[in-house]
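Enquirer: Position one of the sequence shown corresponds to residue 1 (the UniProt record's numbering), numbered consecutively onward.
It is worth saying that the hints were derived from the structure and are not from the lab. Remember, predicted model here, so these are calculated numbers, not experimental data. Any given hint could be a false lead.
Restraint ranges, calculated between C-beta atoms of paired labels, are given here [claimed, not checked]:
hint, residue 1, residue 2, range
1, Q82, P62, 25 to 35 Å
2, V41, Q82, 46 to 56 Å
3, R88, S205, 41 to 51 Å
4, Y80, G260, 36 to 46 Å
Beta carbons are placed, not taken as given, at the ideal position from N, Cα and C, and that holds for glycine.
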Amino acid sequence: MARDRTRPEDFTRPLRRILVGGLVLLLLGIFLIWRIDSPRVEQFRAALIDRVVPSFEWLMTPMTKVAGMVENFQSYTRIYEQNQELRRELQQMKAWKEAALQLEQKNARLLDLNQVRLDPKLTHVTGVVLADSGSPFRQSVLLNVGARDGIRDGWATMDGIGLVGRISGVGRTTSRVILLTDTSSRIPVTVQPSGQRALLTGDNSPSPPLEFLDKPDLVRPGDRVVTSGDGGVFPADLLVGQVAQGPDRRLRVRLAADYGRLEFLRVLRSHELEPISDPGKLVAEPPAPPAPAAVEGADG
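Go ahead and model the full structure; you've got the sequences and the hints to work with.
Expert: Here it is, written out as structure tokens:
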């Protein structure tokens, strides 16, 4: 079969060769023009640049736009990273703020403890409340001071204002405090200004009742309640609270201690009492009868 000489490839192939050859010659000529060191050629190069380069401004516009977009994206990336860093710093600042507020509250509580006026003969040990084991049947807290700090059973504990309870159970490094609201708590108190003696009995309520008042008519709501010191259980004149009348018409005590925020407690070292080794010596021996008078003179 005869070859078809009218195919398009027969015309485009020589045309491509001519165009490639012309482009090579053009580039070679530009190269030679840029390499020739001559004043006239330099003037020609300058005139060519002034003529051709401004006309290519439209060609550089897409490149300029793309470069601007890339720069804006990089700027947005830097802003996003800075925003994330600022967020992390803000979270850290919030944590530091919370820690500062807690330290401020603890400092205020310690200042309250230092402002309590006590008997100069009484010394104290300040402990931190580790845990609150309050329950419907037992109300107590745990302190981080114990036998190594000289803590003993029965010693009174106070917060920054009033009496909180007594030590009941001492370990080497910890001790337990039975609160005044516990059902096992019995504290002899004095109601001022009437001077009535009573017993503050815990009943697991925020305001324990007053019992065994001699003359309840002399007691009014708002009267000050302090420890009486009877029986040597607690030192005298420790603030307990104020008298209030409960819904059941019973006289109760609104405790001065802030039981909702027990963070630090002051354990009072009570006066040393002489231990009783022989109870029989408490009863005095009966006095000896007087000796009979001597008979003066003798019978003759």
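Enquirer: Taking the hints in turn, state whether each one holds.
Expert: Quick rundown of the hints versus the structure:
Roughly 30 Å separates the CB atoms of Q82 and P62, a value that falls within the hinted 25 to 35 Å. Taking the beta carbon of each, V41 and Q82 are about 53 Å apart, inside 46 to 56 Å as hinted. Take R88 and S205: their Cβ atoms lie about 48 Å apart, and the range 41 to 51 Å holds. The hinted window of 36 to 46 Å between Y80 and G260 holds, with their beta carbons roughly 45 Å apart.
This entry satisfies every hint, going by the numbered hints stated previously.
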